[in-house]
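Student: Listed below, chain by chain, are the residues.
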Amino acid sequence: MKRAVFRNRWLPYALVAPQLAITLAFFFWPAFGSVRLSLFRASPFGDRLIFVGLGNFQRLFGDTAYLRSAITSIIFSFIVTLVGLALALLLASFANAKIRGLALYRSLLLWPYGIAPATAGILWLFIFHPSYGILPYLLSFVTSYQFNWFLKGWVALTLIIVTAVWKQFGYNLAFYLAGLQAIEASVLEAASVDGAGVVRRFLAITFPLLSPVTFFLFTLNMTFSFFDTFGIVHAVTQGGPGDATSLLVYKAWKDGFEGLQLGLSAAQSVVLMVVVTMLTVLQFRYAERKVTY
Amino acid sequence: MARALADTGIVTAEVPTRRRRRDRGGALAHVILVVSVVVLAFPLYYALVISTQTVEQATSLPPSLLPSTHVLENYVTAWRKAEMGRLLLNSAVMSLSVAVGKIAISMLSAFAIVYFNFWGKQLVFWMVFVTLMLPIPVRIMSTYEVISSLGWINTYWGLSVPLMASATATFLFRQFFRTIPDSLAEAAQLDGAGPLRFLWSILIPLSMANIAALFVILFVYAWNEYLWPLMVTTRGEMRTAVVGLEALVPRGGSELPQWNVIMAAATMVLIPPVAVIVFMQRWFVKGLVETEK
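Protein chains in written order, with this note's numbering: chain A, 1 to 293; chain B, 1001 to 1293.
No lab work stands behind these hints, which were simulated from the structure alone.
In this text the structure is predicted, and so the values were computed from the model without any measurement.
Errors might be hidden in some of the hints.
[Stated by the list, open to error] Computed Cβ-Cβ distance ranges for the label pairs, DEER-style:
#1 E1073(B) with V199(A): 52 to 62 Å
#2 W29(A) with W1119(B): 34 to 44 Å
#3 L1066(B) with L87(A): 21 to 31 Å
#4 R1251(B) with L139(A): 39 to 49 Å
[As the list claims (entries may be wrong)] In silico negatives: residues of chain B with every beta carbon more than 12 Å from chain A:
#5 P1067
#6 Y1075
#7 R1282
[Claimed, not checked] Examples of chain B residues toward chain A, derived with CB under 8 Å:
#8 L1066
#9 I1202
#10 L1206
C-beta: ideal position from N, C-alpha, C; glycine also.
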């Protein structure tokens, strides 16, 4: 523990003032506003707010469109996270060797991190384009099924899943490779001498030893796919076709900004607040982060 | 865990070049990494190729995977059609202000928290921590209200100031300051230096590596932010590049989709953050490891 060395009555307050001002004005006050707004709905003429208690939440959880959006989000987030991690772990396990050029590979794997989800979505949109895209073109040799994301919900969902997995992939792979390289070769060799096969060594040693990395990547990817994929949906599918790709964040934005249902949108924000709080608690509890004073 | 990752070569600048065993694993690792790199790069390669073709070439089947010669005209068209100059300027202003502002504000509050004792310090610390649980999606409508009541819609203030509070950066500086020996501050005091002088002449120079690492991460984050600029700007000339790109994507309509121009625009939008990552690779990796959200 470090000693506080300087003494000054007002200076520390001046130093934290900008941070506090922004935190209060743009985080706490609006978050409080979301909670407050979630208890009201706009009058028919939109000129005043009517208190409805938990009415918005009741409406939300009774609304099949909202429940569908919730289920889509959960499916989307789990597929993006699990497929992304499984693929990265698989390739990292095979690629785990003391080789030259790791720094170069790392650069060549990490650059997609710099591309905005929305921009990444536009690159993939064209690859998936039903008329000109290379993917439906190649698939047309294999099957007569029309992979048209304008019409088929699951194809549109696949498009945004592929975009999200692609964007996170290099990052996941780089972290798994780092984790694997940290495992002592001697441990694996000892197991090998004891007659453990490749699969057994992986399940009994490698995977458990990697669990901190897996846990870290899991929460990171879940948070990413829940909260940072708004741009993909907005720029590419706009929630469609129908509401097949209407993820929770997109729906909260659309109901508020386009539907002008302020109370309903705020109630959705409050639900998201619960989700993000759970993810943050999970992250800090299990990742043993030192946040205590 | 971050330290472990940093020590293993893949996420540090140094890479072990000496190899103990030149086994088959090495060759397999190279094959897998090369394939991953190529597959990962394909969408970008495809976008670059399309951006050099005519509309006819870009929309013909089978798709051509070879570059054509219409680079200049496509990029000029994209530049004019999307008013790319203005969009890129907006993105640059926003990203630079957010990155610099976040670093400055976080550094000041971390300085106060580590080097001073003051009433309410614990409270300040937890308030900053709680912002982690309040990402933009949980306060969509109410933040918009705050920004519009300040008259900040369609301004650079609105685009950047509310994003300048940062728990991650504050924690990072706090951790770092705590590793600096107390004797430095005591010596500075004996020499008659006040706290601000100490911050300016000693702490900031010592923090340059952390500042550079944070700068890369924060610049990329702000450049790629989507929901925020979409919310707080309504006029085309105040949009950021990532959001403005969406306006070019054809939505049904009878207009001939100029995919070559869209891809040229997408390339211009994605180059700045990717270039920052590539050219500041070392700091980027340090930033990823240290912030790891």
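Student: Evaluate the given range 39 to 49 Å for the C-beta pair formed by R1251(B) and L139(A).
Tutor: 24 Å, violated
Student: Could you let me know if the closest chain A CB is still more than 12 Å away from the CB of P1067(B)?
Tutor: 15 Å, holds
Student: Tell me if the beta carbons of W29(A) and W1119(B) are separated by a distance inside 34 to 44 Å.
Tutor: 23 Å, violated
Student: Should the hint that L1206(B) touches chain A count as held when the rule is a Cβ pair under 8 Å?
Tutor: Where the cut-off is 8 Å and the nearest Cβ of chain A is about 15 Å from L1206(B), the hint is violated.
Student: A range of 52 to 62 Å was offered for this pair. Does it hold for the Cβ distance of E1073(B) and V199(A)?
Tutor: 56 Å, holds
Student: Say whether it holds or is violated: R1282(B) keeps its Cβ farther than 12 Å from all Cβ of chain A.
Tutor: Non-interface label fails for R1282(B): nearest chain A Cβ at 10 Å, not farther than 12 Å.
Student: Quick check on the hint: L1066(B) CB to chain A CB, less than 8 Å?
Tutor: 13 Å, violated
Student: Hold the hint about I1202(B) up to the distance rule: shortest CB distance to chain A must be less than 8 Å.
Tutor: 12 Å, violated
Student: Verify that the Cβ of Y1075(B) lies farther than 12 Å from every Cβ atom of chain A, and report whether the claim holds or is violated.
Tutor: Since the minimum Cβ distance to chain A is about 16 Å, Y1075(B) lies beyond 12 Å and the statement holds.
Student: Per the hint of 21 to 31 Å, is the separation of the Cβ atoms of L1066(B) and L87(A) within bounds?
Tutor: 29 Å, holds
Comparing the model with each numbered hint stated earlier shows that hints 2, 4, 7, 8, 9 and 10 do not hold.
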